[in-house]
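Colleague: Take a look at the letters that make up each chain.
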Amino acid sequence: AQTVTQSQPEMSVQEAETVTLSCTYDTSESNYYLFWYKQPPSRQMILVIRQEAYKQQNATENRFSVNFQKAAKSFSLKISDSQLGDTAMYFCAFVMNRDDKIIFGKGTRLHILP
Amino acid sequence: GAVVSQHPSWVICKSGTSVKIECRSLDFQATTMFWYRQFPKQSLMLMATSNEGSKATYEQGVEKDKFLINHASLTLSTLTVTSAHPEDSSFYICSARAVASLGNEQFFGPGTRLTVL
Numbered sequence: 001a002q003t004v005t006q007s008q009p010e011m012s013v014q015e016a017e018t019v020t021l022s023c024t025y026d027t028s029e030s031n032y033y034l035f036w037y038k039q040p041p042s043r044q045m046i047l048v049i050r051q052e053a054y055k056q057q058n059a060t061e062n063r064f065s066v067n068f069q070k071a072a073k074s075f076s077l078k079i080s081d082s083q084l085g086d087t088a089m090y091f092c093a094f095v096m097n098r099d100d101k102i103i104f105g106k107g108t109r110l111h112i113l114p
Numbered sequence: 001g002a003v004v005s006q007h008p009s010w011v012i013c014k015s016g017t018s019v020k021i022e023c024r025s026l027d028f029q030a031t032t033m034f035w036y037r038q039f040p041k042q043s044l045m046l047m048a049t050s051n052e053g054s055k056a057t058y059e060q061g062v063e064k065d066k067f068l069i070n071h072a073s074l075t076l077s078t079l080t081v082t083s084a085h086p087e088d089s090s091f092y093i094c095s096a097r098a099v100a101s102l103g104n105e106q107f108f109g110p111g112t113r114l115t116v117l
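First to last, the protein sequences are chains U and B. Start counting the first sequence at 1; every next residue gets the next number (our numbering). Start counting the second sequence at 1; every next residue gets the next number (our numbering).
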């Protein structure tokens with residue numbers, strides 16, 4: 001069975017700093033997708049970034065980038081120039097290519113301090 | 001972008017009553033919709049997967065007779081919590097996967113907070 005592990009339950013960083021959230025996963029599949037979702041205090045789930053497993057290039061969305069290490073089954077999220085609005089719960093998630101179900105990690109609560 | 005709405009956003013009901021939560025995809029057709037439950041400070045727990053026009057597939061441990069799911073159209077799925085009890089109090093989130101979805105992406109509704117007295 002596929003699993004997603006986020007080893008950092010909670011993190012705090014100063015505004016404008018860079019922070020990296022870690023995620024590892026376990027699967028025997030070769031085709032899958034990885035996501036980072038943000039859940040702010042409003043509790044609306046927001047897609048931050050997506051990575052296709054077949055792509056070697058790391059995905060980037062403005063201040064958000066990932067370090068995707070397929071062999072190591074690692075998928076970390078880097079937030080550059082962090083902003084107060086980045087304060088949220090961040091979930092790493094995995095979806096197999098042939099399946100619909102998202103498998104979520106337990107989440108990392110990120111606090112951006114002024 | 002793809003928008004998913006949920007109604008109501010919050011509901012309070014008495015123990016023993018039934019509550020219906022609607023999930024709508026507003027600007028796209030959803031072949032598949034998902035229902036999640038989230039306890040405070042925890043991750044999302046998938047309850048069931050519903051495909052338009054067919055019976056929902058429930059995750060292990062989820063009572064199908066208690067959590068009735070209907071997916072009657074490509075834009076609407078409903079979750080009915082029957083004979084609700086205080087332990088059913090939670091945050092319920094739906095998501096929808098578009099007919100032509102990039103990377104199996106799901107779009108999430110804003111959630112419904114259910115409180116059973």
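Worth flagging that the hints you see were computed from the coordinates, not collected in a lab. Every value quoted in this text rests on a predicted model; they were computed, and no experiment measured them. Even glycine gets a Cβ: it sits at the ideal position worked out from N, Cα and C. Check each hint, because a few of them may be wrong.
Not close to chain U: a few residues of chain B, all C-beta gaps over 12 Å, as computed [unchecked claim]:
#: 1; residue: Gln42
#: 2; residue: Glu59
#: 3; residue: Gly61
#: 4; residue: Leu74
#: 5; residue: Thr75
#: 6; residue: Asn104
#: 7; residue: Gly111
Covered by chain U, per the in silico footprint, the following chain B stretches (three or more residues, Cβ under 8 Å) [unchecked claim]:
#: 8; region: 9 to 21
#: 9; region: 44 to 54
Part of the chain U face toward chain B, derived, beta carbon under 7 Å [as the list claims (entries may be wrong)]:
#: 10; residue: Glu29
#: 11; residue: Gln44
#: 12; residue: Val48
#: 13; residue: Ile49
#: 14; residue: Phe68
#: 15; residue: Lys70
#: 16; residue: Lys73
#: 17; residue: Phe104
#: 18; residue: Gly107
Colleague: Each hint should be assessed against the structure and marked as holding or not.
Modeller: For each hint, the structure was consulted:
The non-interface label for B/Gln42 is inconsistent with chain U: the shortest C-beta to C-beta separation is roughly 7 Å, within 12 Å. Chain U draws B/Glu59 into its interface by the beta-carbon criterion, the shortest separation being 9 Å against a cut-off of 12 Å. The claim that B/Gly61 is not at the interface with chain U holds, since no C-beta of that chain comes within 12 Å of its own (minimum 15 Å). For B/Leu74, the non-interface assignment is confirmed: its Cβ lies about 15 Å from the closest Cβ of chain U, beyond the 12 Å cut-off.
Every Cβ of chain U is farther than 12 Å from the Cβ of B/Thr75; the closest lies at roughly 17 Å, confirming the non-interface assignment. Annotated as non-interface, B/Asn104 brings its C-beta within 12 Å of a C-beta of chain U; the closest such distance is 4 Å. Remark: the non-interface label on B/Gly111 conflicts with the geometry, its nearest Cβ contact in chain U lying 5 Å away (cut-off 12 Å). Chain U is given as covering the region 9 to 21 of chain B, and this is violated because 0 residues of the stretch bring a CB closer than 8 Å to a CB of that chain, at least three being needed.
Residue count for the region 44 to 54 of chain B with a Cβ under 8 Å from a Cβ of chain U: 3. That meets the three needed, and the coverage hint holds. Contact between U/Glu29 and chain B, as hinted, is not supported at the beta carbon level, the nearest pair being about 12 Å apart and thus beyond 7 Å. Proximity of U/Gln44 to chain B holds as hinted, the smallest CB-CB distance being about 5 Å (cut-off 7 Å). Interface restraint check for U/Val48: the shortest CB-CB distance to chain B comes to about 12 Å, outside 7 Å, so the restraint is violated.
A hinted interface residue such as U/Ile49 counts as satisfied when its beta carbon comes closer than 7 Å to some beta carbon of chain B; here the least separation is about 11 Å, so the hint is violated. For U/Phe68, the interface hint is violated, since its Cβ never comes within 7 Å of a Cβ in chain B; the closest pair sits about 14 Å apart. For the restraint placing U/Lys70 at the interface with chain B, the shortest Cβ-Cβ distance is roughly 16 Å, beyond the 7 Å limit, so the hint is violated. Checking U/Lys73 against chain B: minimum C-beta separation of about 18 Å lies over 7 Å; hint violated.
With a least beta-carbon distance of about 5 Å to chain B, the hint placing U/Phe104 at the interface is held under the 7 Å criterion. Below 7 Å, beta-carbon pairs count as interface contacts, and U/Gly107 has one with chain B at about 5 Å; its hint therefore holds.
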